[in-house]
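Peer 1: Given next are the chains, with one letter for each unit.
Number of protein chains: 2
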Amino acid sequence: MKKVENAIQDHYPDDYAWCYGCGRLNKSGFHFRTGWDGEKTVTVYQPDEVHMAIPGFVYGGVVASLIDCHGTGSASIYLHRKNGYEIGDGTEPPRFVTGSLKIDFKKPTPQHVKLTAVGRGEEIHPKKWKIVTEVYAEETLVATGVVIAVVAPSSFTTK
Amino acid sequence: MKKVENAIQDHYPDDYAWCYGCGRLNKSGFHFRTGWDGEKTVTVYQPDEVHMAIPGFVYGGVVASLIDCHGTGSASIYLHRKNGYEIGDGTEPPRFVTGSLKIDFKKPTPQHVKLTAVGRGEEIHPKKWKIVTEVYAEETLVATGVVIAVVAPSSFTTK
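Chains as they are written, first to last, in the numbering used here: chain A, 1 to 159; chain B, 1001 to 1159.
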């Protein structure tokens, strides 16, 4: 997939659209966008030149950020569908926070190519989803990740 | 600790000083700096205003990045000392890459305060160190992390 056409982040309420990883209103951020690809979820992102570990290779913290927001975005998509809704149908999607994040770096991630995070979600509790993600640089698997995403507490935005 | 005076990243060779997380030569990066604090290692960082999850709280990907570079920097410090050297003694420190990264987010991380990553390192193989880290926002534990850091292969800079 070259581009995610219909992303859940496009439909987060404004209060939740400031994330440095995936917020459409954050001018400085990565703007990760996550949608369906068949029964899986996908986020496509090409890091900037400055996002390097050393020249030629992508910084692991950017890969971690991609997996993080892909995880919370995927959880939102899965729960939204479970609730009977779809991305962009006019209903407000649920918003998740990250409970835990585990990443295994398989190979150095080359710069100057698109990264594709592909995920599968599984409900492990009514308010908790596990998203297992693989990140590819073109066809090469460079990292795998597991995110435990938790429905954001209502207090999160009222503090 | 308010500021790390003597950081290992100040002494990485130039080829390894471009990291978006901790490279002194990367003008756009976080500039994480890691040094000793007694027998532990410490990295102090105050996220920028844009590094938010939602207004008022720090983006988890920035906390993950802090734990990542704190891990590789700490591994470098520990191995350097094991080899008989200290930060800034004129010898080139060893450079690590991240093999895996595991983070548990304990509490939402408030913005506008300094974050302090405190770590302990343990050699688990001659080329592999485990760094267990706690991240505090002022006095509050907000995240814990485990990094498996691996000595960077010589091929890493010659590609």
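Don't read these hints as lab results, they were simulated from the structure. Note that the structure is a prediction, hence the values are computed from the model and not measured. Worth double-checking, as some hints may not be accurate.
What the hints assert, rightly or not - Quick list of in silico lysine-lysine cross-link-like pairs, DSBU-like style, CA-CA up to 35 Å: (1) A:K27 / B:K1082; (2) A:K127 / B:K1106; (3) A:K2 / B:K1027; (4) A:K40 / B:K1082; (5) B:K1106 / A:K3; (6) A:K106 / B:K1082; (7) B:K1002 / B:K1127.
Stated by the list, open to error - Pulled from the structure, derived: some chain A residues nowhere near chain B, Cβ distances all over 10 Å: (8) E5; (9) N6; (10) R24; (11) K40; (12) G84; (13) D89; (14) G90; (15) V97; (16) L101; (17) H112; (18) R120; (19) I124; (20) T140; (21) V151.
Every residue, glycine too, gets a C-beta built ideally from N, C-alpha and C.
Peer 1: Look at each hint and say if it fits the structure.
Peer 2: Verification of the hints:
For the proposed pair A:K27 and B:K1082, the alpha carbon gap of about 44 Å is over 35 Å, so the pair is violated. Proximity of A:K127 to B:K1106 is assessed by CA-CA distance (about 17 Å); at most 35 Å being required, the pair is judged to hold. With a CA separation close to 30 Å, the supplied pair A:K2 and B:K1027 stays within the 35 Å bound. A hinted pair counts as satisfied when its Cα atoms are at most 35 Å apart, and A:K40 with B:K1082 does not qualify at roughly 46 Å.
Using a Cα cut-off of 35 Å, the hinted pair B:K1106 and A:K3 holds, with the two alpha carbons roughly 34 Å apart. A threshold of 35 Å between alpha carbons decides the hint, and for A:K106 with B:K1082 the separation of about 27 Å falls inside it, so the pair holds. For the hint pairing B:K1002 with B:K1127, the CA-to-CA distance comes to about 31 Å; that is within 35 Å, so the pair holds. With a closest Cβ-Cβ approach of about 24 Å to chain B, A:E5 is found to remain outside the 10 Å limit, as its non-interface label requires.
Distance to chain B confirms A:N6 as a non-interface residue, since its nearest Cβ pair spans about 23 Å, more than 10 Å. Against the 10 Å criterion, A:R24 stays outside the reach of chain B, whose nearest CB is about 13 Å from its own CB. No beta-carbon of chain B comes within 10 Å of the beta-carbon of A:K40; the shortest separation is about 22 Å. The beta carbon of A:G84 sits about 26 Å from the closest Cβ of chain B, which is more than 10 Å, so the claim that it is off the interface holds.
With 10 Å as the threshold on Cβ separation, the claim that A:D89 sits away from chain B holds: the shortest Cβ distance comes to roughly 24 Å. The Cβ of A:G90 lies farther than 10 Å from every Cβ of chain B, with a closest approach of about 22 Å, so its non-interface assignment holds. Listed as outside the interface, A:V97 is inconsistent with that label: its C-beta sits roughly 7 Å from the nearest C-beta of chain B, within the 10 Å cut-off. Against the 10 Å criterion, A:L101 falls within the reach of chain B, whose nearest CB is about 5 Å from its own CB.
The claim that A:H112 is not at the interface with chain B holds, since no C-beta of that chain comes within 10 Å of its own (minimum 13 Å). For A:R120, the shortest C-beta to C-beta distance to chain B comes to about 20 Å, beyond the 10 Å cut-off, and the non-interface label holds. Look at A:I124: its CB is around 16 Å from the nearest CB on chain B, clear of 10 Å, so calling it non-interface holds up. Annotated as non-interface, A:T140 keeps its C-beta farther than 10 Å from every C-beta of chain B; the closest such distance is 14 Å.
No beta-carbon of chain B comes within 10 Å of the beta-carbon of A:V151; the shortest separation is about 14 Å.
The earlier numbered hints that this structure contradicts are 1, 4, 15 and 16.
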